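Student: So the chains spell out like this:
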Amino acid sequence: MSDEADRRLTVSALARIEGEGAMHVRVRGGAVEDVRLEIYEPPRFFEALLRGRRHTEPPDITARICGICPVAYQLSACLAIEAACGIEVSEAVADLRRLLYCGEWIESHALHIYLLHAPDFLGYASALDLARNGRGTQLVERGLKLKKAGNAIMELVGGRAIHPVNVRVGGFYRAPATTELTALAEQLRAALDLALDTVTWAAGCEFPDFEHDHEMLALVRPGQYAIDRGTVASTGGLRFPPAEFEDHIIEEQVPHSTALHARLAGRGRYLTGPTARYTLSSRWLSPLARQAADAAGLGADCRNPFRSILVRAVEVVYAVEEALRLIARYEPPAPCYREVPPRAAVGHGATEAPRGVLFHRYAIDAEGLITSARIVPPTSQNQASIEDDLRRFVAARLDLDDQQLTRQCEQAIRNYDPCISCSTHFLDLTVDRG
Amino acid sequence: MTGRDDPGRPAVVIGVGDEFRRDDGAGPAVIARLRALQPGDASLSGVTLAVSDGEPGRLIDLWEGTSLAVVIDAVRDSSLPPGHTCELAADALAGMAAGAASSHGIGLGDTVELARALGCLPARLTVLAVAGRDFGLGAGLTAEVAAAVAELAEQVREIVRSPGCGKRLGHQSRNGPFGKKILKHFFERSLGSPGPHHPLATGVNAPPPLRHPPRGPSALARRLRSA
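These protein sequences, in sequence, are chains A and B.
Under the numbering used here, the first residue of the first sequence carries the number 84, and numbering increases by one thereafter.
Under the numbering used here, the first residue of the second sequence carries the number -15, and numbering increases by one thereafter.
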């Protein structure tokens, strides 16, 4: 118990997240006065360095923003540039892109579930400590096997497991042979059992009683769980194409973060990511993934961020099944890409990265040179909601001592699998010397 | 050392690093040299030569089940002359896992310890480290590190020719012992300079006991599949 009216909780370097960030909570007079998710990783200025590059280059350049979700960057970039140039890829190419994206979801979610988040639920400081425990060993082994299955898709379709080299504007440099994908399917069939085991295990975790009231935003594509394309929708009834993203999403600087904060114009903070996807599209899950979700106790929506590990587990089931479905009907696209001649225009693209909606916008000139670029990653969109979660979470648990409260706050941040390296590449920096 | 000695998988030599971060490319450069030598060198016959970014899962995949793994990696320590090399055995790495705060900072020490916990270490693991000078952006090694590449390749050939060479213990080095300082840097491979707010201590407290042990295999899977 703690009866201190004035308290300060600080974690200078958050553990088990992608990148470098800190958390500060200040309690004064028995009330939460200030909560900050501080992102101090240096800005990376990707939007600036894209200027003047050819319109064919963003998939390779922006993939370097993140080693966990490079496919998301590549495919959002492709969609935006193809939209600018008035090109649509064939359905066969779109399917191959979706298969590649399934690999990224499996890899990223397996990493987060087992190596970053599971230690929270099982009471360990790290995945290494978990692996050293006799019963935790099999969990980490399962996570690595599942991650390996995602890697296998990335390596075959993308050319390598991180920063794939086979993606190009208009399609792929090379389409894998049917026989190659058949061999991959064997590995994925085994991974499906691992994915279902993951749901079983996650369903047995204890989840704090906590719900948020954020507006949730995700891509939707009726008839399909949106991954590689879709219309932007929110639980508040918004629905708009990616081309109108900037009309609805406002980004702002805050003093304590090198990543921009985003809000919905005229509405405020919002949330993107697995729980938003699930809430808006759970009806489009495959029957097996839907059954797994039901058996795990997930309802039609999910507003408890601590249960995001469960949603990720269900999404892994879906991604493995979807990959198997795409492989079963695969015929190598011929040709495997379309030429995309440039024209002076602006194009927008959005896909569902493992952590939520990833938006790209490019303006290109008639020669095909990029004149401006904008990238809005999921983590920067979620910062305000994460801070709001922390504020409310702490306010309801002030009776905990500092150690317990700090640990639970870290877990609350990890609910969102923040990718800080993705979030820190804003272009404009204003220094207030007033 | 715990590990699975599978005679079915021969030795693997892994160059860890990024050739676009100057001296961090030392490991891949040694692999390139060994690949050039391999066709005419019986000692390298059947040896798998690989380059890795150091991601734990893929590194473990490369060495799991092998009789011998040699890992070549660049290290950063301004107190050592660039190009200085040293050989370490896996047992010397025990307890040197950095417990990296960010997943971006998971180093070789953490990976070795994770593999040890999972029983996925090779039968023998030897690490060849080389001190780098420049880890900035760009391709190409500094002259000092480039000069060490041939020596490192020769060390690899000696190790794979003499299986006992991989069993060195402690911090022994062919070129004299490394201090603990370099080992600390070695296992924090993150290339960016840590920010002023980035202490290695994470503030994570001692964990409570295990509450939810993993359950039996495929209970939900069996149920759903039989449905």
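None of these hints come from the bench; they were simulated from the model.
Be aware that a few hints might be false.
Unchecked claim - Sample of chain B residues facing chain A (criterion: CB under 8 Å; computed from the structure):
(1) ASP37
(2) GLY38
(3) GLY41
(4) ARG42
(5) GLU48
(6) LEU98
(7) LEU102
(8) GLU135
(9) GLU138
Unchecked claim - In the EDC-like style, the derived pairs of lysine to aspartate or glutamate whose C-alpha atoms are separated by at most 16 Å in a straight line are:
(10) A/LYS228 / B/GLU3
(11) A/LYS228 / B/ASP2
(12) A/LYS228 / A/GLU263
(13) A/LYS228 / A/GLU238
(14) A/LYS228 / A/ASP276
(15) A/LYS228 / B/GLU48
What the hints assert, rightly or not - Residues of chain B placed beyond 10 Å of chain A at every Cβ, according to the derived structure:
(16) ALA34
(17) ALA101
(18) GLY124
On a predicted model such as this, the values are computed, not experimentally measured, just so you know.
Where a beta carbon is used, it is the ideal one built from N, C-alpha and C, also for glycine.
Student: Now tell me if each hint is right for this structure.
Tutor: Now for the hints, and whether the structure bears them out:
no.: 1; hint: ASP37; verdict: holds, 7 Å
no.: 2; hint: GLY38; verdict: violated, 11 Å
no.: 3; hint: GLY41; verdict: holds, 5 Å
no.: 4; hint: ARG42; verdict: holds, 7 Å
no.: 5; hint: GLU48; verdict: violated, 10 Å
no.: 6; hint: LEU98; verdict: holds, 5 Å
no.: 7; hint: LEU102; verdict: holds, 6 Å
no.: 8; hint: GLU135; verdict: violated, 30 Å
no.: 9; hint: GLU138; verdict: violated, 30 Å
no.: 10; hint: A/LYS228 / B/GLU3; verdict: violated, 28 Å
no.: 11; hint: A/LYS228 / B/ASP2; verdict: violated, 25 Å
no.: 12; hint: A/LYS228 / A/GLU263; verdict: violated, 20 Å
no.: 13; hint: A/LYS228 / A/GLU238; verdict: holds, 15 Å
no.: 14; hint: A/LYS228 / A/ASP276; verdict: holds, 11 Å
no.: 15; hint: A/LYS228 / B/GLU48; verdict: holds, 13 Å
no.: 16; hint: ALA34; verdict: holds, 13 Å
no.: 17; hint: ALA101; verdict: violated, 4 Å
no.: 18; hint: GLY124; verdict: holds, 19 Å
Of the hints listed earlier, those the structure fails to meet are numbers 2, 5, 8, 9, 10, 11, 12 and 17, in rising order.
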